[in-house]
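Protein chains in written order, with my numbering: chain H, 714 to 1100; chain D, 714 to 1100; chain B, 714 to 1100; chain X, 714 to 1100.
Incorrect hints may appear among the rest.
Pairs count within a copy or across copies, as identical chains cannot be separated in the list.
[Unchecked claim] In the EDC-like style, the derived pairs of lysine to aspartate or glutamate whose C-alpha atoms are separated by at most 20 Å in a straight line are:
{"hint": "1", "residue 1": "K905", "residue 2": "E840"}
{"hint": "2", "residue 1": "K721", "residue 2": "D779"}
{"hint": "3", "residue 1": "K961", "residue 2": "D1010"}
{"hint": "4", "residue 1": "K721", "residue 2": "E742"}
{"hint": "5", "residue 1": "K721", "residue 2": "E1043"}
{"hint": "6", "residue 1": "K942", "residue 2": "E804"}
{"hint": "7", "residue 1": "K721", "residue 2": "D739"}
{"hint": "8", "residue 1": "K905", "residue 2": "D1010"}
{"hint": "9", "residue 1": "K905", "residue 2": "E844"}
{"hint": "10", "residue 1": "K961", "residue 2": "E907"}
Since the hints were made in silico from the structure, they are not lab data.
There are 4 protein chains.
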Amino acid sequence: MSLSAVNKRWELIGDSDAARRALLPDGAESELAAYQNHIENCIGAVKIPVGIAGPLRVRGMFASGDYYVPLATTEAALVASYSHGAQVITEAGGCVSVMLNEGVSRTPAFAFHSLVSAGLFAVWCIEHGNEFRAAAAQTSAHAELADIGVAIEGNHVYLLLEFTTGDASGQNMATIATQAVCNYIRENSPLKPEYSFVEANFSGDKKATAHSFTTVRGKKVSAEVTLPKDLLPHRLHTTPEQLERYWKMSAIGAIQSGSIGVQGHFANALAALYIACGQDPACVAESAVGVTRMELDQQGNLYAAVTLPSIMVGTVGGGTSLPTQRACLEIIGLAGAGQARALAEICGALALAGEISLTSAICANEFARAHQKLARGRNAGQQADNG
Amino acid sequence: MSLSAVNKRWELIGDSDAARRALLPDGAESELAAYQNHIENCIGAVKIPVGIAGPLRVRGMFASGDYYVPLATTEAALVASYSHGAQVITEAGGCVSVMLNEGVSRTPAFAFHSLVSAGLFAVWCIEHGNEFRAAAAQTSAHAELADIGVAIEGNHVYLLLEFTTGDASGQNMATIATQAVCNYIRENSPLKPEYSFVEANFSGDKKATAHSFTTVRGKKVSAEVTLPKDLLPHRLHTTPEQLERYWKMSAIGAIQSGSIGVQGHFANALAALYIACGQDPACVAESAVGVTRMELDQQGNLYAAVTLPSIMVGTVGGGTSLPTQRACLEIIGLAGAGQARALAEICGALALAGEISLTSAICANEFARAHQKLARGRNAGQQADNG
Amino acid sequence: MSLSAVNKRWELIGDSDAARRALLPDGAESELAAYQNHIENCIGAVKIPVGIAGPLRVRGMFASGDYYVPLATTEAALVASYSHGAQVITEAGGCVSVMLNEGVSRTPAFAFHSLVSAGLFAVWCIEHGNEFRAAAAQTSAHAELADIGVAIEGNHVYLLLEFTTGDASGQNMATIATQAVCNYIRENSPLKPEYSFVEANFSGDKKATAHSFTTVRGKKVSAEVTLPKDLLPHRLHTTPEQLERYWKMSAIGAIQSGSIGVQGHFANALAALYIACGQDPACVAESAVGVTRMELDQQGNLYAAVTLPSIMVGTVGGGTSLPTQRACLEIIGLAGAGQARALAEICGALALAGEISLTSAICANEFARAHQKLARGRNAGQQADNG
Amino acid sequence: MSLSAVNKRWELIGDSDAARRALLPDGAESELAAYQNHIENCIGAVKIPVGIAGPLRVRGMFASGDYYVPLATTEAALVASYSHGAQVITEAGGCVSVMLNEGVSRTPAFAFHSLVSAGLFAVWCIEHGNEFRAAAAQTSAHAELADIGVAIEGNHVYLLLEFTTGDASGQNMATIATQAVCNYIRENSPLKPEYSFVEANFSGDKKATAHSFTTVRGKKVSAEVTLPKDLLPHRLHTTPEQLERYWKMSAIGAIQSGSIGVQGHFANALAALYIACGQDPACVAESAVGVTRMELDQQGNLYAAVTLPSIMVGTVGGGTSLPTQRACLEIIGLAGAGQARALAEICGALALAGEISLTSAICANEFARAHQKLARGRNAGQQADNG
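Given these sequences and hints, build the entire structure.
Here it is in structure tokens:
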């Protein structure tokens, strides 16, 4: 990425010197090289402030310990809210967060002349699973074709190819592996499709879908915590009873709105963490789906759980190698290979912290007030839980 | 936001000097003040590279002209794809993009002892619309309560309050105005609810919902373009016929996946533009819903249209005042008051460009290849359309 | 309908004398005349056994008193279960059931050359609401166009016409009135659509949809009852606590399945009552959607409510005039004009009875047993609650 | 079922002699015995007129030949419409209809103290699939546990048990087999659930769900036909082009309405056939979901296909043994064991006939007129296609 190309682009978009100084300040030209394989038509960079939420105590299969989670956002009150929720969880002994399942889909589709041909082709595909797996494996050491599903609709066949992708989030890896499977099919299938496409929009890529919600897209995580009843009035200004009845009322609210799943604002946690940590923030579309449940347990404490079936995270690839994004991963202690599942468990724990904090604020009648104070700048500094 | 507080946070999270230098390089302390009302527990900022897509010719009610749209992303191929789509649209004479409707909801809920009380309360609410409007109006000169809906479920009443919020995206404004309506209700309703909540999750905030899809959340925009049949083989390596049949096959793919609406990857456009321009990227969860349609017209050209009912954008408030974000708004020429509707029309046009580019790549069998080349760095520079 | 035509059909389908004797026994030829305007290609009739459930005490706006509800089914245990639920409700003092809203939709659609034309047409439609209403009113004294909505998708316009239809269920009346509106448009609109259709599948006719669930299709009813805690162990073999926790677990089960709304088996109530009472049983597809809620109230009693937004019933038209169907309406006391809203309230109350009975059986671990006993004929007679 | 009990019920519901004569005419007492294991609190029977639609030529895996399909309905125009569609299909050489998959689910759920316990229990269940299968098999020679799925949500575990059930529709068989699995779990699981339920509403029983749509509930069938372009103007008063563009417009209409799948009125076919043939009409709620697709093929003919993933039919059990219902099954030639899959294929073919007939009527602007003529009795006899 040559500086002259960057300069030409700035000329193209006009002479706003102030804009240029903001996006490409003096000395920042040296950073452009790092963006080379991450963006085209580059003109500089935006800065998103990062705050830390925590400590968040997590007892997971892959993540274990007390974490400070960097969150990138421009929305006042967000970090304060998550940090508060995280601290309350930690005071309660931490949360359990478990990755239950993983897999990324691509769904090529094939058109035939007739339903009978479509059916025969589907059978052939199922019989050639091993060959498909081999074709996929040749594209990357990490791309493993884990499952093959078939959906026939008239003379059309959709293949549901589900991959594991190592520590990468994996959409591109899955695409390239799917292309290899399609190439194998083109060369070997005794039945030639009239036409076919490498992806036919059944995969749930970049959108909320009932199918991903019921199965998995990326990583499925469930996290839980029990908050002692004595902790709530002091720390959350509400009671387990209030939280349970809010849960019921808001669950039916969500159901009436026709949402997929029932949860409050997973999107806030995921967008802020994805941006900070070099994940793809467009995946908030699919990731912000799941179930939150809050209820009294037999001792009158509050049991709270979240289940997120579509967390799209990796610790290699994508934006994870950029300097500031890598720094954020290092702050959590999860940079580099071998850490993607732990990062998903952190996502689950963070979402849990946010659901507790938000619903408590609503129950305590502090929801509107928090936004008013922090966003409008009155005494904002005092609100921060942490330093 | 004092530097000593920032330093204390860095001590708290450990001694990673490299991380600190990345997020808070020398000289960046002066920028922290700007983040004061936008984040808590700040430790620095992440940088997201920005590329420009365009020129994108838009003929809208509010946006009109040729635009270069700044997109912030770390995903290779994204800007190149949008820029290519934008240029093809422009070559075809530009697209029409029209804001059709606007409104942001909050949905407080009220519990009563009985269905009869709930019904009487609902009637009282409808009769007191003017008083509700007045209460809302007192919280902000821009908060206007435009519509009041009621949903009764047993002894529970959900109010669907829909606001217009000037040039702000408006979630916080709507929350504060809803609190004022709830205060009015608490003081004046002859029927006292057993309990109530300022928001009961019917509003579609931060999630994809069928209700927002059918009505509006934020701003509803539809955009269209007709691409001459001769333009496609040369510029998109496909034909109108192929695009139409892909549309049909992928529409049924999306339907089978249980998505809300039918579209390809609105999320990519919206996440990249929201981050660049200081919008709330968590709203990608609700915004990435809608309809894409492609079909042959009577002359054999390709008609393509997108409809996005939930674009959440503003040109004042939120992150729009931060230096780099404001710079991006200035590049589009839409910074400050009076520009929110035009920005929404740009979102629609940009989404259209992306749908055309992506589906063409799939039809031309270039989808996997594009990712392979750009993301993995082979000849990446050659791919950029623009300089 | 001449007997010779009937005889010819029997010859056509072959010589099964037993089948003919079953469907058209000696003497039944005289009944064929009654079917004249209700069916084509008639060869006889099937018999569906009818049982009565009740007494069911209803305190509604339109229905009030103790009802015996005739249910037509061939599924063992169904009537026993509903009758048991009805009796428990009655012992608790009866349920409240209230019709909250009504309206039947048709959704014609219009294609234009461009989005701008579509938008202008939409404005013209909204401005000509009075003319549309007049055109609709001319088709029937009962067809009233109550609301006009507009949805623009690219260069397509969908009109959401919502009618009230007196005491008829009203789909056909709405269709004919919509045709009249379309005729008016064709003759008067300054913008001529390229093509249009009288119904474009947005109306929710004969299918479960999120839109009908959030608004109304036919009649929206909510019903509630509070069951004293002392009544449950004796009469339902469970406790309020067990029912509440079952509700929570099954609500999340339904959410995970991607259902529209959350309920158990409204379809059983509605299919059996629709068939008995001359309603259109295909409408079970749209009617079997809604919300069931069960929870402890402050005194430890069980509060149970159902909300059904899409009850499609009438007391005139359709099958209501056939002899056996009219007899069933007479048993409830709701035959003829002026009774449709009361019938909808009965549907709500009956659905509530069924939800209580079914969930109690599951909580008491009697669900499988009930089917085993009644369907497989062991001591079946002893199970009937009534007689 | 003694007559004296029936008499007592008639006394209970009052003295309407006319109603009694309609539901229980002289001589009908002898029929009551047949209803013994099918209904409780019996007071007689309603009669639903039956018409025949056909001939419908089907080339399936299990159904093959020309069929006359008995349909029970009180809605004018329904049989005429289906019969017309069937005849057009037959003139075109018949349709292909193929059962693709089968299985009926029950979904028991188990609550534990913690997510960790829930996870361990889930693992134990997966390891004990053979034992579960054995327990299920002991309840019926036909109940085979074909698949076991697990969904963990916090400390709750939902088991998705999928059964094949021979020639019975199978809900009750699945319930009883699930009870046996639950009994096995209770006696053998090292982890005792805090509580559990034999069904937790994830199964899609009696409701439209995204999960059943994507997988299968009962039997999944796809059917297709190609209608020569010359046939359409003469027989359907429309053209392949018009049908394709109606399909696109109505598909987007359905998508905007938030339906599950995209189809016109499967419910009409299924309700009428289910009632005639002794199936459970409440299952229309789940069965009336799927996909209809119509498009031009390369020769300009019309390709039409339907896919129904949730057909709930059996040829033994339920109402199939009642005299009139068995007569209807005999008319199709599918009474008794070994015929359930063929019956499902007939359902698919019939649904296809209805979609063709309905959409053609809309395209030919005959939709409103058909209802007007047949339902309102003008020249109704002339409309019938068949004698």
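Comparing the hints with the structure gives:
1. In this assembly of identical chains, K905 and E840 lie within 20 Å of each other by CA distance solely inside one copy; the values are 16 Å within and 41 Å between copies.
2. For the homomeric pair K721 and D779, the shortest alpha-carbon distance between copies (17 Å) is at most 20 Å, but the shortest distance inside one copy (48 Å) is not.
3. When the C-alpha separation of K961 and D1010 is checked against a cutoff of 20 Å, the pair qualifies both within a copy, at 15 Å, and between copies, at 13 Å.
4. In the homo-oligomer, the alpha carbons of K721 and E742 lie at most 20 Å apart inside one protomer (14 Å), although the nearest pairing across protomers, at 31 Å, exceeds that limit.
5. Proximity of K721 and E1043 under a CA criterion of 20 Å is satisfied inter-copy only: 18 Å between copies versus 36 Å inside one chain copy.
6. Taking the shortest alpha-carbon separations for K942 and E804, only the intra-copy value of 12 Å comes in at or below 20 Å, while the best inter-copy value is 38 Å.
7. In this assembly of identical chains, the alpha carbons of K721 and D739 lie at most 20 Å apart only when taken from the same copy (17 Å versus 29 Å across copies).
8. Taking identical chains as interchangeable, the C-alpha atoms of K905 and D1010 lie at most 20 Å apart only when they sit on different chains, with a minimum of 17 Å there against 59 Å within one chain.
9. When the C-alpha separation of K905 and E844 is checked against a cutoff of 20 Å, the pair qualifies only within one copy, where the shortest distance is 17 Å, while the shortest distance between copies is 43 Å.
10. Taking CA atoms no more than 20 Å apart as the test, K961 paired with E907 passes between copies only; the shortest distance there is 15 Å, against 51 Å inside one copy.
Consistency note: the structure conflicts with none of the earlier hints.
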